[in-house]
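K.L.:
These two chains come separately, so use the hints to put the complex back together.
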Amino acid sequence: MRRLEYIGTTAAQGFWRNPVMSLASTFTVGLMLLLFAFFLATDRGLQAAVGVLESKVELAIFLEDNARVSDVLALRASIEADPAVSRVDYIPKDQAMARLVDIAAKRPDIQIVDTSSNPLQDSLEIKLAHAQDAPRVAASLREEVGKGIVSDVIDNPQVVDKLLTITRVLSFGGLAVLAMMLIVALFVIVNTIRIAVHARRDEIEIMKLVGATDWFVRWPFILEGMLVGALGAVAATLVVLVAAGPVMGAMVNFIEILPLSFGQTFVWQLVGSVFALALAVGGGGAMLSVRAHLAK
Amino acid sequence: MIKTINVNKSYRGSVHALRDVSIDIAKGEFVFLVGPSGSGKSTFIRLMLREETPTSGEIYVAGKNIGQLASWKVPMLRRNIGCVFQDFKLLPNKTVFENVGFALQVIGRSKDVIAKQVPEILDLVGLGSKSHHLPDELSGGEQQRVSIARAFVNRPQILLADEPTGNLDPATSVDIMKLLDRINRTGTTVLMATHDHAIVDAMRRRVIELEGGIVVRDQERGVYGYGAQV
Chain A
1 MRRLEYIGTT AAQGFWRNPV MSLASTFTVG LMLLLFAFFL ATDRGLQAAV GVLESKVELA
61 IFLEDNARVS DVLALRASIE ADPAVSRVDY IPKDQAMARL VDIAAKRPDI QIVDTSSNPL
121 QDSLEIKLAH AQDAPRVAAS LREEVGKGIV SDVIDNPQVV DKLLTITRVL SFGGLAVLAM
181 MLIVALFVIV NTIRIAVHAR RDEIEIMKLV GATDWFVRWP FILEGMLVGA LGAVAATLVV
241 LVAAGPVMGA MVNFIEILPL SFGQTFVWQL VGSVFALALA VGGGGAMLSV RAHLAK
Chain B
1 MIKTINVNKS YRGSVHALRD VSIDIAKGEF VFLVGPSGSG KSTFIRLMLR EETPTSGEIY
61 VAGKNIGQLA SWKVPMLRRN IGCVFQDFKL LPNKTVFENV GFALQVIGRS KDVIAKQVPE
121 ILDLVGLGSK SHHLPDELSG GEQQRVSIAR AFVNRPQILL ADEPTGNLDP ATSVDIMKLL
181 DRINRTGTTV LMATHDHAIV DAMRRRVIEL EGGIVVRDQE RGVYGYGAQV
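Read top to bottom, the protein sequences are chains A and B.
As numbered in the working numbering, the first sequence has no gaps in its residue numbers, which increase by one up to the final residue, 296.
As numbered in the working numbering, the second sequence has no gaps in its residue numbers, which increase by one up to the final residue, 230.
In short, the hints are calculated from the structure, not lab data.
Keep in mind that a hint or two might mislead.
[Unchecked claim] For lysine-lysine, the following DSS-like pairs were computed, each having C-alpha atoms within a straight-line distance of at most 25 angstroms:
no.	chain 1	residue 1	chain 2	residue 2
1	A	208	B	89
2	B	3	A	208
3	B	64	A	208
[To be verified] So the derived label-pair ranges between C-beta atoms look like this:
no.	chain 1	residue 1	chain 2	residue 2	range
4	B	178	A	198	32 to 40 angstroms
5	B	115	A	269	42 to 50 angstroms
6	B	93	A	266	43 to 51 angstroms
Quick caveat, the model's predicted, so the values are computed rather than measured.
C-beta: ideal position from N, C-alpha, C; glycine also.
So that you can see chain B by itself, here it is in the shape it has in the complex (with noise of 0.2 angstroms):
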């Protein structure tokens, strides 16, 4: 589902961010990105978004190389990708109905389209109840859930979440943790860049660790780090 090859991204003043940097993660594995501040983790899932090109090697994304995609077709890459933040990127004028619907409007769905699928969605992390919040009137947690909606809405085969869990507390933490794996057991695959070693730990998933932009370990069924420090 995402492969790279030998992949370099350097930034102007020579900064290595990744270096020869070759994955291969299946369709429907939930994997872990791991690393220290500025070990290329953001850089990794920004390439994955062609939100920048590597300099040099190769990515396939739902088996398109998406380094030689022309730009206009960018946004159906897009199209099979949603995307988590740590900052949930919710618009804070729209309901909690208008945000999930908002990314079905975007890529032309009709009203019908939308009046059946955000529901469902919301049932699914459970904000039935709350389709016509604000943001500012949920928890972190709630929000959180909101921006996972929206990011699966559209049933894209991959999932990509930076820091989903970076802004709330542990208990909160896992009530979505446990979200992303239904999606993950719904066959999407996903992931997922944190900092988080109890969740890490906890979810014994397959672990990519990335350090000054290397992969330093890949392994299945890990923990955040072999001598990790809590």
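Bound-form chain A, shown alone (with noise of 0.2 angstroms):
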């Protein structure tokens, strides 16, 4: 009881004798846990939208006005036929029609004007099991157009590609900054925590020549590295809590079709995991800074 008091006050002295760097040090550390907090937020919620996306992955296929039915069906079959296909779907011009009307109804930005004739074709929808498979599909697709049979194929899976693009570049490059960042913070804390141990050097000699543990000469700065971290961590929640609202909304409306909102348990999944990092790098810096110092 006696010892954590003692490793208490005194790794809040430390923290407090020499503010600016302290302060500076939170800072950096705030700023790297805020990134994370963002990577793990955009990757989680662009993880979300591609599993939304490749389950409604379509490729349309519109058909000639005058193809055979006998035609359509065996073009049907063959599509069926392919492993990366799991469900076509032949819609007539007026089921289309109807469709259009309904999604018209919805959003005032839309109106149908006349509704008499109906330029529409008929058309097979084609549901893929996996987004990455869509243009080898839709490529073999294009070789029928003109052949009497298909008009024209429509690959809508851009919108896929582009943010499974976006995924993998934010997955590496957002790995990679974090990295990076991690490196900084943990030299930041390591010069932190060394500036500390220089001021109490002398404190530390006598410590050693009375005979105290290592642990209990380490355990005042490794606390104070995981103060940083905390306080630290605690900014960023902090901003994330603020920020997340319009952040989201912006992406939202940004990516449009994605309906993402995230869960309570995510959320805390996410605090858990900034302030996990925090304490991390905060201890593990204040640790290397100590050993380093002691091993002289």
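P.N.:
Take a look at the structure:
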């Protein structure tokens, strides 16, 4: 109990002995954690988005008006034979029109002025098991264009492609940036604690002479490092909580189709991860610093 | 209490700080370690504290072979050894009481123990009335008394003193020697490295002389040197 009290007070004293340095490293750690939180949230969001889109990925083939029904059925059968395809639906042009009217009714920005004629074509809608197969299937279908059955191939999944690319770039780029920030944060903490150790080097010398254990010497510094980490985590969490709403709104508008919202569980996971990383970086950095000093 | 067998210590660059040093100091002895600068006195003291390990040979302190002591056991060894230095090594921002209490605090003693033992030891060294002063407010002799109090508050079996009177005038030095003598009479083994001829000659205790890392003399009731120039 007495030991805990000593360790706690010494750590707090250490933090405030050099407030500029402590706050600077808190800021750096906070920034790193913010990036970490953003990375986690974005990654999770994009994964969810890709998941949603993948389940919806469709190719559409518009059929020539005068295509023979037997040819269409044969084409449909051949498409269904492809293992990448999960489902093929035949959509007659009347149904397509009905759908369009339906959509228009829900959106004030679209109005269908004239419903007397139907310019739409019959189509086959193809559902794919995985988004990444879309380009290949689309390419093979394009070869059919102009042979009397298929008039056009629409492959919507550019959005998915884009998302997959963004996810990949964010995963690699984000990880790289995060790794760099982690090193910077670690470096700053190591230096902050080094200064704290230096300020107390006489005390440490005496502690060791009178038989204090290395752990007794280390703990206050490790705690000080963790304190820096924890304060950074609190700052980062506050920023995330304040900014989450607007940022999420902007993202939903940007990618449009994504009905994203993070559940309570994810928020707790996020905060938990941020604090865990903060304590690990703070404590770990301090540990490195003190170890270097004690080994001298 | 302290026993070394053929201890050698050499540093990189083939400096031989100690050669074949074999010394046996019994419990309760008072021993002077003398010799010119660079003769190996400080190295010997550092070996006792296991701040360094010998290149070869064996060292026993309080019955333990400290050359083979696991490093996590070193703190326990040091709790048996009190240390006093020429420069006192007091913490300037702590009071006399806190400086002495610090030695107990960092080995996990309770507040009650500190509150009881520190005044006792301060009375023993004659500083009972100055426990709330800062080191800066004390004379050199008083500061060294604080440092001795800190070294002795945990009642170690051994007291190592490295030039404890090096910064003090002769009259003050005599007081410090009286204090060390009193501590020795409680049964504590005292090993004191010194340059101070007058003190060694006056005390007439066992003298071990080092020169170039070799024990050149080990004499009961000795003086500083046969042909000591003053």
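K.L.:
Compare the structure with each hint and give your call.
P.N.:
Hints and how they fare:
no., hint, result
1, 208(A) - 89(B), "holds (12 angstroms)"
2, 3(B) - 208(A), "holds (23 angstroms)"
3, 64(B) - 208(A), "holds (19 angstroms)"
4, 178(B) - 198(A): 32 to 40 angstroms, "holds (38 angstroms)"
5, 115(B) - 269(A): 42 to 50 angstroms, "holds (49 angstroms)"
6, 93(B) - 266(A): 43 to 51 angstroms, "holds (49 angstroms)"
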